[in-house]
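Once you have looked at the hints, place chain B on chain A.
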Amino acid sequence: MTVTDPALAARVEAWIDSAGHTPAEVARIAQAVLAAGFEPSAVSVVVDASALEDTAAMIASAASVGVRVLPTPSELNTRLQASTAEYLFIVRWGLVVGDLLPKAVGFLDRFPAVDVTFGDSVTELGHPLFRPIFSPIRLRSNDYLGPVVVARIGAIRALGGFRDEARRAQVLDLALRAHVGGRTIALVPEVLATEDLAPGDFAGTAAAQASVVASHLEGLGVNATVEEVEPFVRRVRYEIVGEPLVSIVIPTRGGRAEIAGADRVLVVEAIRGIVERSTYQNVEFVVVADRETPDEVVVALEDLCGDRLNLVLWDAPFNFSAKMNRGAVAARGEYLLLLNDDVEVVTDDWIETLLGLAQQDGVGIVGAQLYFEDSTVQHAGQIYTGGVAGHAAFGWVGGRDDSIKSMSTDREVSGVTAACALIGRELYFELGGFTLALPGNYNDVDLNMKVRSAGRSAVFSPWARLYHFESKSRDPRILDSDLATLQGRWARRMQVELYSRML
Amino acid sequence: MSAEAELAEDRLAFTDRIIGLEQQVKELQAASLLSPSETVAVEANLAGMKASPTWRAGRVVTLPVRVLRHIKRRVLG
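Protein chains in written order, with my numbering: chain A, 389 to 891; chain B, 1284 to 1360.
Hints should not be assumed to be uniformly reliable.
Claimed, not checked - Just a few of them, taken from the derived set where beta-carbon distance is under 10 Å, the chain B residues facing chain A:
(1) Asp1299
(2) Gly1303
(3) Glu1305
(4) Lys1309
(5) Pro1319
(6) Val1323
(7) Asn1328
(8) Thr1337
(9) Leu1359
(10) Gly1360
Stated by the list, open to error - Okay, the calculated bits of chain A under chain B, using three or more residues with CB under 8 Å as the criterion:
(11) 477–484
(12) 874–885
Stated by the list, open to error - From the structure, some residues in chain B lie toward chain A, with a derived Cβ separation under 10 Å:
(13) Ile1302
(14) Val1325
(15) Ala1327
(16) Thr1345
(17) His1353
No lab work stands behind these hints, which were simulated from the structure alone. For every residue, glycine included, the Cβ atom is placed at its ideal position computed from N, Cα and C.
The following block holds chain A by itself, in its conformation from the complex (with noise of 0.2 Å):
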């Protein structure tokens, strides 16, 4: 083990977070570390005693690699100080790869605007753990930021240190604050780790993530509970702030359709099922009507919505954009859920689960997970590369999930389809909502590229769940109009998938 680098090595220091794993363990990462060009005397294994069983046994795994011992939280923080290094890698598993320096400081010396970065790793087999680029309402859900995290180390102090409260999830709770202080968070996006030495939930790892983003969101003011679905994966449920008024936009013709044996009127049934089973109740349903919508499905409607219902007319040719323009126009609530016809719901809290993550501070627009009529993934969130559009986890079979929890997490997505999407009825108007250049495909792609230009994101959530019957109600050609429309617009940032790149 030698330093091939004396000027970059003299940069750089590494702390190993020794929780979790046998001193054994421990003095291989280190080993791994040190192959990787870092001086000994800049790499420190953190020992936290609460979470070990035998402190002296890591502390002696340490002295025989000849890199030091830092106790933690106690010492952290004055080591921090100390430093002379101008950037701090944190390795929390795995073994690093050899070539971790150039990639990681390359990087943050290329776009000195990063303050902190993570990036890929593989199994111990070899596939690929690739990970989204920083999504802070992902973040809240899963820690998916893997075994090393780099830090400017000027940026860690600016932001006070490690904070002791946050024992056992201080990188966690470090992105954290680190976004809220307005500072960059990237993605490195090449291994710079193999995962075989990677632990599970130990020494209250999982509780103290969950109470550090619970202290999180109320440092931000954000009433929510955070529920544990697994060990490192939560659901945060967001109270909603008020009680708003969100218009239900549907457009139809009408039409019918077998679904499951059953020969039905795909928005009456679809607006039964709102009406029965949701338990938001504040909603007003803008169905915009084609004028071949026959007498007996109005009658229908009116049966079902009473007062909340907004008929509002379509009597042009097809034109999807229009008719959801239209709708919005028509519609008078705070929020626009945008929805086809032929869907039906399946969670009773579709809408608040919707609301309350459109409600965070820089969500745009929020998607729901979408199954056809077999149970099957039609949408968790979409896709854009190579200038086109597709979906993620297209024909998962139900329950279905990557390693790093893509499917039970809310997290931010390149776009969310409109045959279900939440967006604030004042951003919609802002970006001029569905455009009419393109009035059957691709709409919605549009719609989410210009939420994403204003500086919101587009979130997926999959505990709003719902079918969707596609394709019975609409024609799925794309012609080479729309692409070229679509590509005139975005194509550029169309090009590569970095937010789900496991699905």
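Below, chain B alone, put in the same frame as chain A:
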């Protein structure tokens, strides 16, 4: 449909058209529109593509055409 509603629809369409044109202009500008992570990912994709057998075979197949183009440029200016 009321005049007010018609106006609101027109305003939506105009706003979208302005945003659309702004974005089209951005697409045509040389400046990168990508975040640091996206920049690195795109560069990696490009490097991967250029290292692929398909790309290399394509370079070999198109070599005569590229040589002729080069000569044409040198001769005709």
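Hint by hint, which ones does the structure fall short of? As far as the earlier hints go, 8, 9, 10, 11, 16, 17 are violated by this structure, in ascending order.
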